[in-house]
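Generate the whole structure from the sequences, applying the supplied hints.
2 protein chains.
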Amino acid sequence: MDTVNQNSTFEEKLAGFEACCRKHGLKLTPQRIAIYKTLISTDSHPTADEVYQMVRTEISNISLDTVNRTLLTLTEIGAAFQVEGTGQPRRFDGGLEDHQHFLCIKCGKVIDFQHDALGDIHIPDEVQGQFKILRKTVYLEGFCSVCAEKEL
Amino acid sequence: MDTVNQNSTFEEKLAGFEACCRKHGLKLTPQRIAIYKTLISTDSHPTADEVYQMVRTEISNISLDTVNRTLLTLTEIGAAFQVEGTGQPRRFDGGLEDHQHFLCIKCGKVIDFQHDALGDIHIPDEVQGQFKILRKTVYLEGFCSVCAEKEL
DNA sequence: ATACTAAATAGGATTTACTACTATTTGTCA
DNA sequence: TGACAAATAGTAGTAAATCCTATTTAGTAT
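As you go down the protein sequences, you meet chains A and B in turn.
Heads up: the first sequence begins at 1 in my numbering, then just goes up one per residue.
Heads up: the second sequence begins at 1001 in my numbering, then just goes up one per residue.
For the record, the hints were derived by calculation from the structure and aren't laboratory data.
Even for Gly, the Cβ is constructed at its ideal location relative to N, Cα and C.
Please note that a few of the clues may not be correct.
To be verified - Residues from chain A that face chain B, not an exhaustive set, calculated with beta carbons under 8 Å: (1) Phe10; (2) Thr57; (3) Glu84; (4) Gln88; (5) His101; (6) Phe113; (7) Phe143; (8) Val146.
Here you go:
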């Protein structure tokens, strides 16, 4: 996993983010920085619109499209990620044989894979007690073989 | 895990589905059955619109809204589920400390939880080779404490 | 069989999330 | 400091999901 930085202060994160942008040849615009700051300042899981509302207090005329675009860029460079279970048209599954899902973040394709060992994951008691769990799975995200080639 | 039925024939699944509907006091409408049949007849992960197109060959004047509604009812009774990584507005996460997500399928709230043991999940080589994995996590779905009470 | 009632549906309108487009602005680097 | 590619604002457009209402229908009682 290659998230920008964990267990670091706000300033360290910011510095890490700026380095990450430069590494990917991305410009350090005030909008980009404001959006990143907003995102790491909350422990909720905001939608693009929610981020938009928050950032507007700082940059009043920022556009929603910029927020959307920027959030996607952040996920692409690993400075943020999308919460699984959200995004794009809903896809359904007949829930047949036990399997896990891999989502290609480029083309959106969902690929099943199966591995018995993943089937029985132990969920800690404090979590068990807190929620009524209907489904547990291991979930992978990345590039499928087709999209991985295009990335090079 | 309480999916309707795994490792069973088409007819068994259908019978199980009908029983499941009755159990939940749901009527067995032709639309509902057709949608369920369609869903378990494919190993892709269709969107509501894709299911709609397929079911239309059987019930030509079915409405998209019905398909949507029905697919959601199916997930509520455990006869199907939504593929994680899809659905509703995208939510973002600053990706700070390592954590897992629990999604309440009722209110849509995403709750973080943390358990070290879940951190390092072994992904089999045949999967590793097939994709470029950027993120792996254990993902839970169900009812949060608030919604679980309302369900009773 | 027949009639009744709550549940479900069709069809269309509306809302919401996201993306596309274009003119303008702004970081970055020579 | 000037040039240029990248990024942005603003707005228009598209796609997905939901809402609304009149009508139909499955399940049950008679």
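Results of checking the hints against the structure:
no. : hint   : verdict
1   : Phe10  : 10 Å, violated
2   : Thr57  : 18 Å, violated
3   : Glu84  : 5 Å, holds
4   : Gln88  : 5 Å, holds
5   : His101 : 6 Å, holds
6   : Phe113 : 5 Å, holds
7   : Phe143 : 4 Å, holds
8   : Val146 : 10 Å, violated
Going down the numbered hints, you'll see the structure goes against 1, 2, 8, while the others check out.
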